[in-house]
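One-letter residues, chain by chain:
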Amino acid sequence: MEILVCVKQVPDDYVEVHLDPASGTPGVSAIEQVNNAFDAYALELAVRFCEANGGSVTVASIGPESSQSSLKNLLAVGASQAFLVSDAALSGADEGATTSYLSQLVEKCQAEHGSPFDLVLCGKESTDEISSQVGAMLAENMGVPFVSSVVEVSPCEGGLMAKQETEAGYSNYQVTTPAVFTIAKPNYDPRYPTIKNKMAARKAKIPTFSAAEAGISTQTNRVTCLGYTEPPKRQAGVRIQEKEAAEAVNKALAMLADAKVL
Amino acid sequence: MAYIISDDARELLKDVKEFAEKEIKEQVKAYDISGEWPKEIYDKAIEMQLHMMDVPEEYGGLGLDHIDQAAILEQIAWADAGVAVTLNGNGLALKPVLIAGNEEQKQKCCDIIVNGGWGVFALTEPDAGCDAGNGKTTAVRSGDEYILNGRKCFITNAQVGDFYVVTAMTDKSKGTRGMSAFLIYKDTPGLSVGNHENKMGIRTSVTSDLVLDDVRVPVENRLGEEGTGFITAMKTLDLARTWCAVIGVGLAQRCIDEAVNYAKQRIQFGKPISSHQAIEFKIADMEIRTEASRQLVAHAIRLSDLGMSFGRESAAAKCFAGDSVVQTALDAVQILGGYGYSREYPVEKLLRDAKIFQIFEGTNEIQRMVVGRSVISSH
Numbered sequence: 001m002e003i004l005v006c007v008k009q010v011p012d013d014y015v016e017v018h019l020d021p022a023s024g025t026p027g028v029s030a031i032e033q034v035n036n037a038f039d040a041y042a043l044e045l046a047v048r049f050c051e052a053n054g055g056s057v058t059v060a061s062i063g064p065e066s067s068q069s070s071l072k073n074l075l076a077v078g079a080s081q082a083f084l085v086s087d088a089a090l091s092g093a094d095e096g097a098t099t100s101y102l103s104q105l106v107e108k109c110q111a112e113h114g115s116p117f118d119l120v121l122c123g124k125e126s127t128d129e130i131s132s133q134v135g136a137m138l139a140e141n142m143g144v145p146f147v148s149s150v151v152e153v154s155p156c157e158g159g160l161m162a163k164q165e166t167e168a169g170y171s172n173y174q175v176t177t178p179a180v181f182t183i184a185k186p187n188y189d190p191r192y193p194t195i196k197n198k199m200a201a202r203k204a205k206i207p208t209f210s211a212a213e214a215g216i217s218t219q220t221n222r223v224t225c226l227g228y229t230e231p232p233k234r235q236a237g238v239r240i241q242e243k244e245a246a247e248a249v250n251k252a253l254a255m256l257a258d259a260k261v262l
Numbered sequence: 001m002a003y004i005i006s007d008d009a010r011e012l013l014k015d016v017k018e019f020a021e022k023e024i025k026e027q028v029k030a031y032d033i034s035g036e037w038p039k040e041i042y043d044k045a046i047e048m049q050l051h052m053m054d055v056p057e058e059y060g061g062l063g064l065d066h067i068d069q070a071a072i073l074e075q076i077a078w079a080d081a082g083v084a085v086t087l088n089g090n091g092l093a094l095k096p097v098l099i100a101g102n103e104e105q106k107q108k109c110c111d112i113i114v115n116g117g118w119g120v121f122a123l124t125e126p127d128a129g130c131d132a133g134n135g136k137t138t139a140v141r142s143g144d145e146y147i148l149n150g151r152k153c154f155i156t157n158a159q160v161g162d163f164y165v166v167t168a169m170t171d172k173s174k175g176t177r178g179m180s181a182f183l184i185y186k187d188t189p190g191l192s193v194g195n196h197e198n199k200m201g202i203r204t205s206v207t208s209d210l211v212l213d214d215v216r217v218p219v220e221n222r223l224g225e226e227g228t229g230f231i232t233a234m235k236t237l238d239l240a241r242t243w244c245a246v247i248g249v250g251l252a253q254r255c256i257d258e259a260v261n262y263a264k265q266r267i268q269f270g271k272p273i274s275s276h277q278a279i280e281f282k283i284a285d286m287e288i289r290t291e292a293s294r295q296l297v298a299h300a301i302r303l304s305d306l307g308m309s310f311g312r313e314s315a316a317a318k319c320f321a322g323d324s325v326v327q328t329a330l331d332a333v334q335i336l337g338g339y340g341y342s343r344e345y346p347v348e349k350l351l352r353d354a355k356i357f358q359i360f361e362g363t364n365e366i367q368r369m370v371v372g373r374s375v376i377s378s379h
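From first to last, the protein sequence lines are chains W and F.
In terms of our numbering, the first sequence has 115 at position 115, counting the first letter as 1, and numbering is strictly consecutive.
In terms of our numbering, the second sequence has 364 at position 364, counting the first letter as 1, and numbering is strictly consecutive.
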């Protein structure tokens, strides 16, 4: 099974983001870029699948040249090759444009890889914009089956079984390949690299293409983000500090009555 | 400040930091109480190859720069000094093999470690601590074998060892020149492990007696010539002291981090205690001592990498880092006040972990002896 994992670099989501007062956009310029967490889960799932069933995993990304560093880190944890498209003309794309670029990147990666991909994986969402659209649109664009929020993939007669996480539990789908899945958090974490793999991966050269070299034609955005607002600050709660429990309960009930909750 | 390392090593260090925070830091709290050896943590560390940083590249090792290795070991020690001591135990056991062993011995021991095994260095005896040359363990030649008898104590990793480097007297009459070093493999008849020490700190590191009762060791398992065991052991300690200091620095850095985090959120007299000069100065002293220790380590590593003599600098680094980490841990407890004395907060453990750094791999009294004699003899 030949698997392609699409990876997006996002600001480290451990860092709290505030709006930059000058630009009114999220102030992320000083925050380190890392691989989107769901994309990292997708890679781990793909690598585990190939370890069990054979095959190889390719990773691809569209982003600034500095993304090479994050892609090298994925080579250390099981990806066998990585491709990057880096071109200022592609930045600021909406989901539709991104999908179009990704579709063309999949073609380019297949040509470089020398064989078509049986499965393309994306994270179920990116932790920065969280629009959760690109994977589904990519499947539509490629004209292949799609399953969202997948946490487990296994081979089956005629294709793949995909276990989808839903709010109520799980759904199992049988799909033909090629297919596109988006990946939710499985019940494991991405592996740590061995020191040897890490140091070898850091020395790797990541083939990096301009839009033209990758055969990508730019597209105008059809969705425009009008602005950002920060969520309202949580207001301080009320403290009930009466010494006796009975008094505290009475006070709480009185406050609820005042607020017309009761 | 920290060690100046390459960008690639910095990326690796991020992974190690994540590992230290997610897989070590919180898990060790329970093991610190129980005294159990945290095999689950070591299994994961082995998977990441953190146990084999001392294996040279030509014997299947990682080829890390020593300064990168120091940064990584420091990060592990930051999460738990005992875990760092255990992992570093492999380096301690490999050093005498690399110093005095033949090619076959080197490859065999490196293979054991690469495949996830543990090495053990056994020098100390009940009556031979600082006075390591006064060992009572004997090795008597009998045909193609030596028969070893004696008892070693405070031996790191003895319970889990796959190979042991053991010193024994082959000729008592020659004093330190009558000591030889031997490689003994796990399950050799007569080799057994005594009680696990119930220690004050670094409780995730297992420390035990090693008992030798008519242990027959083939002549080809002797490390180097007969009579060179003491020199091999001293060279081993010269190298090992730097790494001991590295671990102390990691522990000291943790003390700083815990103390600063607390001081910034603890409000007294209407402002965080970190804004009070009494605390600010204490934190400054903690940082100065820790960074000075780190740079002594970096200097000793640099000298060693350049093939220059570094015994004095290694002893100075170990001694200074050891004294520093104890004071820094005391300061951290003081900054946390009553909470610092409580087992609910992390710094009480850090103080218990710190004390050993003035004791093991040669007490700080011995380090001062090494430094003092070196200075005086070079004048």
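In short, the hints are calculated from the structure, not lab data.
From a predicted model like this one, the values you see are computed outputs, not experimental measurements.
We put the beta carbon where it would ideally sit given N, CA and C, even for glycine.
Check each hint, because a few of them may be wrong.
Computed footprint of chain W on chain F, listed as stretches where at least three residues anywhere in the stretch have a Cβ under 8 Å from a Cβ of chain W [unchecked claim]:
| # | segment |
| --- | --- |
| 1 | 13-21 |
| 2 | 60-70 |
| 3 | 344-350 |
Okay, the hints, checked on the actual structure:
{"no.": "1", "hint": "13-21", "result": "holds (count 3)"}
{"no.": "2", "hint": "60-70", "result": "holds (count 3)"}
{"no.": "3", "hint": "344-350", "result": "violated (count 0)"}
Hint compliance for this structure: hint 3 alone is broken.
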